[in-house]
Amino acid sequence: MSTPNPTASHTISVLVSNKPGVLVRVALVFARRGYNIDSLVVSPQQDSDFSRMTITCSGDPGTLDQIIKQLFKLVDVVRAIDHTGDQVIEKELALVKVKCPPENRTQVLQIVEHFKGVTVDFGSESLILQMAGGSDKIDHVLGLLAPYGVVEMVRSGKILMARGASAT
Amino acid sequence: MDKKIPTGAEVIIQCLIREGVEYVFGYPGGAAIPLFDALVDAPQIKLVLVRHEQGATHMADGYARATGKPGVVLVTSGPGATNTVTGILTAQMDSAPLIVLCGQTISPMLGKDAFQEADVTGITYPVVKHSYLVKKTNDLPRIMKEAFHIATTGRPGPVLLDLPKDVTGGPCAAPMVDSVDLPGYEIPGVPDRADLQKAAALIAKSRKPLLYIGQGAVISGAGKAVAQLAEKLNAPVVNTLLGKGAMPEDHALHLGMLGMHGTAYANKAVMNCDLIFSIGARWDDRIIGKLSEFCPNATKIHLDIDPAEFGKIIQPDVSLVGDARRGVEALLPLVRKLDSADWVKECAAWRKQYPLRYGKQGGLKAQMVLDELDKLTRGKAIVTTDVGQHQMWAAQFIRSTFNRSWISSGGAGTMGFGFPAAIGAQLGVPDTPVWAIVGDGGFQMTLCELATAALQKVPLKILIINNNYLGMVRQWQELFFDNRYSGVDMVGNPDFVKLAEAYGVKAWRIRRNGDVKRILKQAMAYNDGPCLIDAEVVKEDNVFPMVPAGAGYKDMLIERPKQKMAKPTGST
Numbered sequence: 001m002s003t004p005n006p007t008a009s010h011t012i013s014v015l016v017s018n019k020p021g022v023l024v025r026v027a028l029v030f031a032r033r034g035y036n037i038d039s040l041v042v043s044p045q046q047d048s049d050f051s052r053m054t055i056t057c058s059g060d061p062g063t064l065d066q067i068i069k070q071l072f073k074l075v076d077v078v079r080a081i082d083h084t085g086d087q088v089i090e091k092e093l094a095l096v097k098v099k100c101p102p103e104n105r106t107q108v109l110q111i112v113e114h115f116k117g118v119t120v121d122f123g124s125e126s127l128i129l130q131m132a133g134g135s136d137k138i139d140h141v142l143g144l145l146a147p148y149g150v151v152e153m154v155r156s157g158k159i160l161m162a163r164g165a166s167a168t
Numbered sequence: 001m002d003k004k005i006p007t008g009a010e011v012i013i014q015c016l017i018r019e020g021v022e023y024v025f026g027y028p029g030g031a032a033i034p035l036f037d038a039l040v041d042a043p044q045i046k047l048v049l050v051r052h053e054q055g056a057t058h059m060a061d062g063y064a065r066a067t068g069k070p071g072v073v074l075v076t077s078g079p080g081a082t083n084t085v086t087g088i089l090t091a092q093m094d095s096a097p098l099i100v101l102c103g104q105t106i107s108p109m110l111g112k113d114a115f116q117e118a119d120v121t122g123i124t125y126p127v128v129k130h131s132y133l134v135k136k137t138n139d140l141p142r143i144m145k146e147a148f149h150i151a152t153t154g155r156p157g158p159v160l161l162d163l164p165k166d167v168t169g170g171p172c173a174a175p176m177v178d179s180v181d182l183p184g185y186e187i188p189g190v191p192d193r194a195d196l197q198k199a200a201a202l203i204a205k206s207r208k209p210l211l212y213i214g215q216g217a218v219i220s221g222a223g224k225a226v227a228q229l230a231e232k233l234n235a236p237v238v239n240t241l242l243g244k245g246a247m248p249e250d251h252a253l254h255l256g257m258l259g260m261h262g263t264a265y266a267n268k269a270v271m272n273c274d275l276i277f278s279i280g281a282r283w284d285d286r287i288i289g290k291l292s293e294f295c296p297n298a299t300k301i302h303l304d305i306d307p308a309e310f311g312k313i314i315q316p317d318v319s320l321v322g323d324a325r326r327g328v329e330a331l332l333p334l335v336r337k338l339d340s341a342d343w344v345k346e347c348a349a350w351r352k353q354y355p356l357r358y359g360k361q362g363g364l365k366a367q368m369v370l371d372e373l374d375k376l377t378r379g380k381a382i383v384t385t386d387v388g389q390h391q392m393w394a395a396q397f398i399r400s401t402f403n404r405s406w407i408s409s410g411g412a413g414t415m416g417f418g419f420p421a422a423i424g425a426q427l428g429v430p431d432t433p434v435w436a437i438v439g440d441g442g443f444q445m446t447l448c449e450l451a452t453a454a455l456q457k458v459p460l461k462i463l464i465i466n467n468n469y470l471g472m473v474r475q476w477q478e479l480f481f482d483n484r485y486s487g488v489d490m491v492g493n494p495d496f497v498k499l500a501e502a503y504g505v506k507a508w509r510i511r512r513n514g515d516v517k518r519i520l521k522q523a524m525a526y527n528d529g530p531c532l533i534d535a536e537v538v539k540e541d542n543v544f545p546m547v548p549a550g551a552g553y554k555d556m557l558i559e560r561p562k563q564k565m566a567k568p569t570g571s572t
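Those protein sequences? They're chains A and B, same order as listed.
Position one of the first sequence corresponds to residue 1 (the numbering used here), numbered consecutively onward.
Position one of the second sequence corresponds to residue 1 (the numbering used here), numbered consecutively onward.
Chain A with its partners taken away, still in its complex shape (with noise of 0.2 Å):
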């Protein structure tokens, strides 16, 4: 068995109730507990009444239990569930602009095309590709395009949802 890391990263989905509020609440139970929160994707559900907070985090393994029954024990928390190492989907959507003038075109395209990006800003000197896929997928493409020069990037943040029957 491998040692607990100490920063290991968690994936937590949270369907809370559509109040205000709710988001502070939820971010006080991480933040007093010396939790950083890495990533956070708020999104309707079909019903209105509700939201799904996928919420990427770091911090000491055995506090996570009691940041779960916390959230948990919020009026507006419906439920809190920690998918780390569950079947899941993981996804995650970037955009990155990158520095690109003609004579490097041809093998930042390639990088591109590898990796089932999309091109969706073709400028004279930078390009702008949208990336989809799982978090690593997203960190290897970056690596791969930043010796070209990343000029800016937006990450969605991470979202999941659990495989077969199992609930989100």
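By construction, these hints were calculated from the structure, which means they are not laboratory data.
Predicted, not measured: the structure shown is a model, and the values here were computed from it.
Even glycine gets a Cβ: it sits at the ideal position worked out from N, Cα and C.
Fair warning: there could be bad hints in the mix.
In silico DSSO-like links for lysine-lysine, alpha-carbon gap of 27 Å or less [what the hints assert, rightly or not]:
{"no.": "1", "chain 1": "B", "residue 1": "Lys-145", "chain 2": "A", "residue 2": "Lys-73"}
{"no.": "2", "chain 1": "B", "residue 1": "Lys-136", "chain 2": "A", "residue 2": "Lys-19"}
{"no.": "3", "chain 1": "A", "residue 1": "Lys-19", "chain 2": "B", "residue 2": "Lys-112"}
{"no.": "4", "chain 1": "A", "residue 1": "Lys-19", "chain 2": "B", "residue 2": "Lys-135"}
{"no.": "5", "chain 1": "A", "residue 1": "Lys-97", "chain 2": "B", "residue 2": "Lys-112"}
{"no.": "6", "chain 1": "A", "residue 1": "Lys-69", "chain 2": "B", "residue 2": "Lys-198"}
{"no.": "7", "chain 1": "B", "residue 1": "Lys-112", "chain 2": "A", "residue 2": "Lys-73"}
Over 12 Å on every C-beta distance to chain A, these chain B residues come out as not near it, computed from the model [what the hints assert, rightly or not]:
{"no.": "8", "residue": "Lys-46"}
{"no.": "9", "residue": "Gln-197"}
{"no.": "10", "residue": "Ala-308"}
{"no.": "11", "residue": "Lys-506"}
{"no.": "12", "residue": "Gly-550"}
With the hints as your guide, set chain B onto chain A.
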């Protein structure tokens, strides 16, 4: 003529009436005027006008703890609302149901630094069970129903409503609401059957069982069931500071309070038990001392209505999610008498060997005053306390014999709590004598409520254990900080007797041992409004036993140590 559409404020007051509210503890201000205006037409609800908003929250809290019904606070925006924060924290830490109604600037001005605007919803997020910033008048009936439901069910707590003046002043056409729809809110009831069976199997193996009961046992009224369980198993019982009174402390199996200033025999039982069963108690740091040394070899069972308490401090062998009373009742048929006669004898021997003691010589002792009070009231009074040495001595020497008879700020340790809490308790339970036992320090934090007590003519008795020191801090400085007293001398204290008289409150002073019984009896016989006793006790005395903060039970001090002590490692 058309039926008049009520205002939001009128609807709020109607909701209070529907919830059976008798008292509102409040203080007005510009943003709260519509609510105070609506109270004029609601003679069913008595307004208790306080002198400071913190006092209002403690009164509502004392009312709630004495009656089991929610206490209602009504204040204005800005400073009026922020003055409630200490009281809200106090209620949250000790699971007391409060409804805190705060006025607010009109909603178009929110976030624009309007006069007396404070983001009280934001300020109080960490200290409320739940809160609402109400934006639509028509939401009021639903929100009021939800607020009472949330405050009073499950693990109770404070619920705050932030009420913009245009919401309380505007028309509300929405009908009253009788049920709630809160998909994220669950109320545990009876613990899972399989978990109960697991607990029963562990209990069956125990030869040295110990029941440890807390505030959850008080709130759920578990005392009778706990006594039945203790008797059926032949198991001793200890309680936390807040668990006092859930089960009568004069029961033969009851060893009194455990923890930092618990009785030595209760703490010996904790050190030596082979199974400890928490019934509505949360393994607080003043109970645990040093986590790695706390009952390391004992089986731990934890019954709690709040699942977030499992594993927060102690990882139990079995956790039972549910109401304390219903949990114990469900467990009763699953257990039988244990082979614990030797253990019970051992505990009885510790009780004989290490009784609570105090020196009878050398001036008036706080313990003697409280011991005498206990003999005179014989468990028939409700006692509230402030925080500090007097609180611990009261916890040790006043035996609580009925549920909701002990009201003290435990988790938050709020100085200034005891006296206003006694006003609320006495209003809620008018036929039971109420004693507010306070220190000279804490009493001065909320003594402006003498006016409120006098105005309400509540016959409560204030007993000031006056040593002219912040005694508990002084004790720590004496024991752990080389006698370097810093900021603990209460020089400048007023003449409390004259002060009381200035408010029209009857008062006595006790200076000598010989005065104690006589004056306590006079106060007991006095029923024409509140009265006060200033007991001038010896300046320097210490609370023992004491488990220093962060130390193990084996390091318990039964009396003043001869050697110099290291600074404590625990927080407080």
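### Query
Out of the numbered hints, which ones does the structure contradict?
5, 7, 10
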